[in-house]
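Participant: Here the protein sequences come in this chain order: A and B.
Residue 434 in full-length UniProt numbering sits at position 434 of the first sequence, with consecutive numbering throughout.
Residue 105 in full-length UniProt numbering sits at position 105 of the second sequence, with consecutive numbering throughout.
Keep in mind the hints are simulated off the structure, nothing from the lab.
Fair warning: there could be bad hints in the mix.
[Stated by the list, open to error] EDC-like, lysine to aspartate or glutamate: derived pairs with alpha carbons at most 20 Å apart:
#1 B/367 x A/428
#2 A/425 x B/285
#3 B/367 x A/466
#4 B/21 x A/119
#5 B/338 x A/428
#6 B/21 x A/192
#7 A/425 x B/231
#8 A/429 x A/466
#9 B/241 x A/246
#10 B/63 x A/392
#11 A/316 x B/104
#12 A/384 x B/231
#13 A/167 x A/119
#14 B/414 x A/428
#15 A/85 x B/99
#16 B/338 x B/370
#17 B/36 x A/392
#18 B/338 x A/392
#19 A/85 x B/370
[To be verified] Here are some chain A residues the structure puts well away from chain B; computed CB gaps all over 12 Å:
#20 303
#21 309
#22 526
#23 535
#24 613
Glycine residues also receive a C-beta, built at the ideal position from the N, C-alpha and C atoms.
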Amino acid sequence: MDVGFCLRSEAAGAMRTALMSAENLQLTLKAEPSQEERALTHTKRGPEETHKAGNEDLKEMLESNKESLKLEAMKRVVGLIAKGKNASELFPAVVKNVASKNIELKKLVYVYLVRYAEEQQDLALLSISTFQRALKEPNQFIRASALRVLSSIRVPIIVPIMMLAIKEAAADMSPYVRKTSAHAIQKLYSLDPDQKEQLIEVIEKLLKDKSTLVAGSVVVAFEEVCPDRIDLIHKNYRKLCNLLVDVEEWGQVVIISMLTRYARTQFTSPWKEGASFEENNEKAFYASDSEEKSERTEAEAYVMDPDHRLLLRNTKPLLQSRNTAVVMSVAQLYWHLAPRHEVNLVTKSLVRLLRSHREVQYIVLQNIATMSIQRKGMFEPYMKSFYVRSTDATHIKTLKLEILTNLANEANISTILREFQTYVKSQDKAFAAATIQAIGRCATNISEVTDTCLNGLVLLLSNRDETVVAESVVVIKKLLQTQPTQHSEIIKHMAKLFDNITVSMARASILWLMGEYCDRVPKIAPDVLRKMAKSFTAEEDIVKLQTVNLAAKLYLTNSKQTKLLTQYILNLGKYDQSYDIRDRTRFIRQLIVPNEKSGALNKYARRILLAPKPAPVLESAFKDRDRYQLGTLSHSLNSKASGYQELSDWPAVAPDQSVRNVEVVEPVRARSSQRFSLSGPASSSESEEQSSEESDKTSSDSGKSSSGSEETSSGSDSQQKKKKKTKKAPQKKSKTAAASRCYLFLRGKMVADVYSRASFQVTAPSFGPVKTYELLHHMTGKGLSAKYHFPRQPCLHQPGMVAVQVTLSNGSDRSLEEIHVGDRSPASLNIHCFNTIERLEPEASVTVSMGIDFSDSTQAANFQLCTKEDGFSVSIQPAVGELLMPSSLSEQDFSREQGKLLGMNETSATVAMATANASSQAVKQRVLSVANVGEVPSGAPSISRRDVPPGPLVMKTLSSVLTTGSCRPSPRAPFIRDDGKRSRAET
Amino acid sequence: MIHSLFLINHSGDIFLEKHWKSVISRSVCDYFFEAKEKAAEPENVAPVLQTPHHYLITIYRGKLFFLSVVQTEAPPLFVIEFLHRVADIFQDYFGECSESVIKDNVVTVYELLEEMLDNGFPLATESNVLKEMIRPPTILRSVVNTLTGTWSNVGDTLPTGQLSNIPWRRAGVKYTNNEAYFDVIEEIDAIVDKSGTTVCAEIQGVIEACVRLTGMPDLTLSFMNPRLLDDVSFHPCVRFKRWESERALSFIPPDGNFTLMNYHVSSQNLVALPVYVKQSISFFDSGPCGRLDITVGPKQTMGKTVEALMVTIHMPKAVLSANLTATQGSYTYDLATKVLVWDIGKLNPQKLPNLKGSLSLQAGAPKPEDNPSLNIDLKIQQMAISGLKVSRLEMFGEKYKPFKGVKYLTKAGKFQVRT
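Working from the sequences, and respecting the hints, build out all of it.
Facilitator: Below you can see the structure in the form of structure tokens.
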């Protein structure tokens with residue numbers, strides 16, 4: 001519909017442009033052969049000249065004035081990039097368009113830049129300023145994409161710019177931009193690993209982010225940059241667990257695998273109980289699904305850390321995810337972390353994944369194969385899901401076979417063997433061979449069926465397919481080794497088959513059998529050797545080696561018949577082409593044929609060659625795979641991939657649990673418990689609002705302080721708790737505290753922090769004019785009048801409060817009694833009242849001090865001022881400036897803190913001032929009149945005293961007001977109006 | 001995580017490459033080609049390969065290889081799932097996922113890939129989020145584009161879905177006709193052995209939805225017999241808590257087509273196979289020939305007709321040609337792939353379809369050891385074989401009355417008869 005409209009409205013234009021595009025078309029036509037040429041020259045790595053000429057037209061188009069031509073050219077350039085052709089010489093022409101207004105053109109230029117910037121570093125720098133500008137755009141999408149491209153340009157020279165951009169973006173209001181910054185961290189790290197320390201700081205900050213959008217990406221950054229800094233996770237562990245269900249699916253995968261690693265270092269093993277206990281638990285588990293019960297059963301032996309339980313509980317619903325990677329990662333989490341009896345939970349979901357794409361099946365089957373070795377019971381009920389279909393790919397078939405073999409036990413072996421019988425007949429010969437090996441494994445593992453299997457395998461010896469026969473021979477050889485006594489018949493049978501078997505491995509196996517059990521087939525063995533002597537030269541190496549072997553063994557046991565044969569074979573071997581065989585021949589000759597040089601070994605030849613040999617153990621190929629974390633690339637390849645993080649063993653004693661304590665967990669927890677249900681029929685507009693609110697909140701939180709939740713809780717006990725905690729973990733905390741708190745120092749409430757951390761001292765207020773406000777006029781107050789002012793002193797009653805001094809005077813002719821503060825609104829308002837004034841004589845006045853907690857807002861505090869007879873509603877509305885608290889900072893500290901407050905925390909404006917007011921004193925006066933701030937001593941005389949000291953201070957106040965989200969009346973407004981001269985507020 | 005992506009066609013040409021980090025030479029694919037050479041069928045190439053410096057994770061879909069290069073440890077399923085998601089998005093955008101279509105839309109493809117990953121980590125994989133950023137090509141737009149060349153198919157604002165906690169739905173959806181359709185599709189996976197006994201049989205189902213509703217509707221879909229469902233997986237929109245407590249699907253749907261849930265019917269319920277197959281395939285020792293006789297009949301169809309019945313047989317290599325007569329439908333024998341396909345169509349219970357005749361073998365070749373197995377395809381409309389029934393669909397949050405519909409369909413999944 002839309003399109004139709006646009007068409008009509010643009011019809012006229014379209015007609016006009018049609019002509020033009022006809023030209024374009026010609027151009028394209030002309031370009032076509034040259035493009036082909038370029039393709040050719042490229043594959044042949046032809047001289048530069050030819051494709052330079054070929055790209056000439058593209059260059060022309062890019063440099064034209066017409067947007068459409070440029071776009072067309074860029075599309076073709078992207079086409080070249082996609083094909084892997086070199087388009088780097090167009091760089092200068094392309095980079096000019098980076099600031100284009102046309103979004104699509106711009107995006108294509110971005111694609112180009114990211115591809116070639118590494119090769120053309122100098123030219124790439126031309127584009128940087130565009131991105132820097134875009135980083136300040138109000139549109140979050142543009143900010144994010146600018147950061148994406150800026151950080152993707154792998155030019156080392158811009159590392160500082162990237163660093164700055166990342167830091168700014170990490171404090172951005174938009175969670176999407178913050179997510180992008182988390183991605184940028186990894187890019188910067190791979191470009192310049194020296195930035196690690198600074199990047200870790202950003203990661204630390206982003207880890208505290210409460211947005212589900214950011215969580216996944218920052219964990220990826222964490223895993224890439226500092227996977228060993230487990231300590232950064234402690235405080236965020238519960239939050240991550242709780243947010244997990246709402247994180248986007250890809251983020252879930254990385255968070256889960258990171259938390260698996262974390263849990264293995266922080267909790268004790270839930271597996272300590274023995275096998276008998278396990279069964280108990282299993283019953284309890286099936287009786288009720290609730291964790292409490294199963295936990296109770298375990299209680300005597302082991303108590304699970306509630307955080308450990310939290311992780312298990314919160315990941316469980318993700319088993320129902322449609323994303324197979326998520327399901328797999330939960331499965332591996334349960335495998336590595338859950339008590340044994342709970343691991344079964346994941347079986348069903350894993351089996352479900354087998355219906356997904358072939359590649360998914362492959363990975364899942366690999367993991368099931370590893371699991372099924374250790375825990376048969378887990379997958380036994382689903383045995384039929386692993387039955388092979390003729391349409392499966394070979395690697396899927398072999399994996400299924402592997403699992404079926406692992407699952408085989410006395411009870412189900414007959415079913416499995418019947419199934420195997422059909423597989424042996426498969427047209428896929430590689431698979432048939434694998435089946436025979438599987439049968440061999442079943443036969444050795446389950447002694448009841450050894451004979452049946454052996455008979456079955458012997459039947460296969462008459463199979464028409466060579467690979468099947470050969471594989472059977474090899475497997476029979478292994479089986480016979482385990483119990484050779486009663487099977488001379490089979491050996492004879494195999495000797496008969498020998499002539500027809502051409503597969504060398506099988507021939508070698510038969511020869512070995514003959515030699516090993518030559519005493520059981522005394523007549524046949526020499527005959528076989530005779531045949532081998534005839535065909536020796538035409539055999540494969542492995543067969544030759546076994547022939548030499550057989551000859552030696554026969555020589556020792558039956559030298560009468562075979563002496564000559566043996567010598568003949570040893571002579572042939574002596575002149576063989578392969579040195580392995582020559583070597584072996586020489587060794588055997590010395591060993592068995594006694595001569596003067598052979599020495600002592602000769603006596604032991606019989607014991608050396610005919611020693612009883614241990615039977616081979618037929619094991620699963622997946623036996624040792626469990627050393628890798630399930631679901632990882634390393635597990636899939638069965639070799640350690642680069643960057644693989646070992647899963648540590650459980651600690652014997654759990655590390656301190658309290659490190660994960662965060663004061664206010666409740667709201668987070670409550671919310672998340674509702675969240676996965678997405679709070680029922682809550683209309684989505686609501687939920688969106690909520691999310692935007694949240695994002696606001698989080699951004700303000702992250703800007704405000706390291707642990708925003710701590711701050712918002714007021715009251716003395718939380719204060720105390722906090723102090724307690726700082727004592728507990730002083731080292732870890734102090735650093736973050738210092739780093740993040742220093743820009744809170746201006747706020748009334750934050751004064752507490754400043755006191756307790758003592759990193760910044762609140763200074764005495766700079767002296768300024770004190771403004772007095774009227775609280776109650778004596779006419780309305782029936783004689784009682786009240787005035788108040790802000791003394792700009794730290795409140796003595798409670799650090800979070802703002803001190804207010806109220807002067808009460810009695811204007812009537814009688815004395816007033818019992819003056820006190822009555823009802824207040826809002827009810828939650830925290831006021832420290834003055835003591836009731838028993839009696840106020842006429843014409844007398846008294847000054848009392850109060851403390852009011854304005855909760856960092858300019859909302860008025862309403863309360864009643866009561867006398868014995870009457871009550872008068874009064875209200876105190878603070879100016880923003882009064883909510884602040886000055887602190888002393890050196891200039892260096894100041895500028896450092898200022899650096900942290902860039903981006904959205906920063907407001908800069910140019911102020912015009914009259915010359916008269918331009919003196920530093922005047923400016924200072926005015927600033928002080930509106931805000932309770934301090935002056936930073938400026939040491940540098942070169943900086944004009946006039947602007948500098950107050951300027952940044954105002955900026956400072958502004959920024960901190962913004963961070964806490966109440967930015968109503970700007971103290972700068974009157975300031976601007978008064979003055980008339982230009983001065984930069986920003987230095 | 002994901003470093004680069006190469007798209008490779010059936011014959012082994014790399015026709016598209018995209019790098020999310022620094023450029024990796026396409027020679028890395030040589031290791032893959034080597035593995036591909038070794039494997040007889042493209043399906044048999046191992047999905048995960050190790051090379052000296054990189055790891056290659058490949059999926060094969062629609063005769064294309066999606067080969068991704070990974071440099072460090074990353075969950076392989078993560079990459080595989082993502083690659084399939086890419087293929088799904090291509091399918092969604094262009095209607096099919098083939099070499100020619102990708103080549104025709106190379107710019108859109110590139111823009112999509114750019115948005116889907118940032119530094120190798122997925123950024124936007126929800127189809128409706130992507131569609132707000134990069135508009136799918138339509139005929140009309142391509143006409144306008146060729147005429148004016150100015151139509152931008154790239155959006156400049158952040159898609160609303162990206163920020164909300166329901167990223168699958170965009171804000172401000174409007175329709176004149178509000179409709180919600182649900183297709184309950186069940187597939188029977190079964191293996192039947194020579195004698196006709198069922199070795200294993202399972203039913204899994206999927207509920208495909210097509211929802212075109214204005215605004216932000218909140219839907220609740222409930223079943224008559226939810227106990228049938230043994231194991232389920234949901235689209236992220238479904239509220240798991242509601243499912244756990246009430247066994248009802250409560251969700252704010254994505255706009256358009258999507259898969260609401262996948263389920264598996266509990267294995268306790270015996271699966272009633274809708275058809276039986278009587279077959280005899282034999283090869284003679286005496287001469288280079290064999291005999292084939294297949295009859296298909298209805299078993300438990302609950303009064304519905306079996307449609308689109310098809311039998312596929314992968315013959316042994318030695319079978320040269322087939323000389324058969326079908327009482328119903330037609331058969332083809334592909335000499336190159338040795339696949340016999342018998343397309344029966346509708347199953348008539350009165351007159352059972354039969355395919356009979358002789359097979360000629362390559363002279364001199366040994367008689368095939370084993371008999372090929374038959375793969376059965378079928379469809380039954382208006383029935384879910386498990387008996388699952390949707391009881392009702394309720395809508396909250398919006399005032400209008402939507403048009404609702406539920407359709408049932410049973411299909412054969414991997415239905416195999418061994419001979």
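Participant: Taking each numbered hint in turn, which are not upheld by the structure, reported in ascending numerical order?
Facilitator: The structure conflicts with hints 7, 11, 13, 19, although it agrees with all the remaining ones.
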